[in-house]
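Visitor: Chain by chain, the residues run as shown.
There are 2 protein chains.
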Amino acid sequence: MDFSKYKLIGQSVDLGEFSTHETGGESEKELKKIREKLWEDVAELQEALYAESKQSVLVVLQAMDAAGKDSTIEKLTRNLNAQGCKVHSFKSPTKLEKAHDFLWRVHACSPQAGEIGIFNRSHYEDVLIVKVHNWVDQDEIIRRYQHINNFESLIADRGTKVVKFMLNISPEYQLSRFKSRLERAEKNWKFNPGDLDERKLWPDYMSAFEDAMQNCASEASPWYVVPAQDRLFRDVMIASVLKDTLESMKCEYPEPEFDVSEFTADSIS
Amino acid sequence: MDFSKYKLIGQSVDLGEFSTHETGGESEKELKKIREKLWEDVAELQEALYAESKQSVLVVLQAMDAAGKDSTIEKLTRNLNAQGCKVHSFKSPTKLEKAHDFLWRVHACSPQAGEIGIFNRSHYEDVLIVKVHNWVDQDEIIRRYQHINNFESLIADRGTKVVKFMLNISPEYQLSRFKSRLERAEKNWKFNPGDLDERKLWPDYMSAFEDAMQNCASEASPWYVVPAQDRLFRDVMIASVLKDTLESMKCEYPEPEFDVSEFTADSIS
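Residue numbers (the working numbering), protein chains in the order written: chain A, 1 to 269; chain B, 1 to 269.
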């Protein structure tokens, strides 16, 4: 499947033009098959990334509440080797974090060579919720776009491929998810009445997303707007982009540091 | 005393034109008096910085071996409140540090609001020793200048004043310090035969310093070339620049969060 129409590399963005629900014309059964194969491929590519230990991948996930960030991560990481995969979840900044620049806590968690890092929320919160609530002025938001681009270019120079996903849903879909969180006792903990206040600011969030994705995207550090309401399609798209990203890195298993002619499986004891 | 002739804000630099030994025309006795007063002023200003807890200072110290970085820090910090002052000494990067971009370990140690951070060596090693030994190519060095400027501008935006000192000495002075390290048993530990190899690369180091100071300096993030062979003058100059820096920040003691008319020293028990 071709996901290029969901890819942003700096062009202006109108989220209204992006679908929130897609199946790619495939049946559920077919999507499951495709997903299974992609996960196998990604796992294989991850092994080479880990063995080579020269490059890394940073996956950034952003979305409105209840769009499925947690389930995306659950599905994706179940198929990765956790030894080479670190998930970082960014909550409201602590007092210590606020006493530093907004990238301080994020940079500290950037993946080391050989790793896949996954950010559940990220430095983009500092130009999303912060912008929507006017916690800093617009000049500072503009400077933050630049700081974000600088940061992503710094880690790119060290061999980190950055790939960013916005899980795109409609307000109606969000409401249905909130309702289901209230109806199912074991999901109650995920509901936060404060989310209803943020929900009222939907158009402002969409506009903040559009600005961030327009100002902080490039071929080297693209955004993808993922139609996230069909979870199978979502998983397929994310796995596919991750697979393409890993393939483009051409990771190589390291050369043995011993003379392979001197050691054979049946000569050692 | 006026130290503006030692200040670099981006102009081209010829270290051969900078003195390594100065007294500012003052007697030893006079310099000691001036230094004492400056230290008191700096301590007072540090208290306001700490109480305000909105801004911070980053002091970067770079120099050839045996130029007096350790003694500079010892003298300066003896007069600061250690609770609001953190010294970070950057050695050869560890395996974990090398598995990240070169600013990762440095950013992690950037001072929080209210603090004075002192870097004994710094991110500039990555464009000094690394450049002299061609451990990375020249294109990467140029990109690192840009990454350094971006990083310093990021923390400046959060309220961190960056001030950078190059302790300037002559090769002859260095030799005399090495000899004294060998002659005094309690100083032997500071001698490292490898330093003699670096010493042979003196002109290359000077050239790397010149390039770094030309490419990574601005009014907001200046370099100072400190004549470092007279240690009294060195201390005076550094304290004076630090004092001016702190004064320019206009730190204010926070407003009390209680009604001062309701509480008096003799009304509470």
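Read the hints as simulated data drawn from the structure, not as lab findings.
Check before you lean on any hint, since a few could be wrong.
Taking lysine-lysine pairs in the DSS-like style, the calculated list, with each CA pair at most 30 Å apart, reads [said to hold, decoys possible]:
1. B:K86 <-> A:K98
2. A:K33 <-> A:K5
3. B:K250 <-> A:K95
Have a look at the derived ranges for each label pair, beta carbon to beta carbon [stated by the list, open to error]:
4. B:N192 <-> A:Q83: 20 to 26 Å
5. A:A156 <-> B:K5: 37 to 43 Å
6. B:E262 <-> A:E140: 49 to 55 Å
7. A:N188 <-> B:E262: 41 to 47 Å
8. A:I142 <-> B:N81: 34 to 40 Å
9. A:A156 <-> B:P193: 51 to 57 Å
Computed from a predicted structure; not experimentally measured.
All residues carry an ideal CB built from backbone N, CA and C; glycine is no exception.
Visitor: Which of the stated hints cannot be reconciled with the structure, identified by number in ascending sequence?
Guide: Going through the list in order, the structure violates hints 4, 6 and 9 and respects the others.
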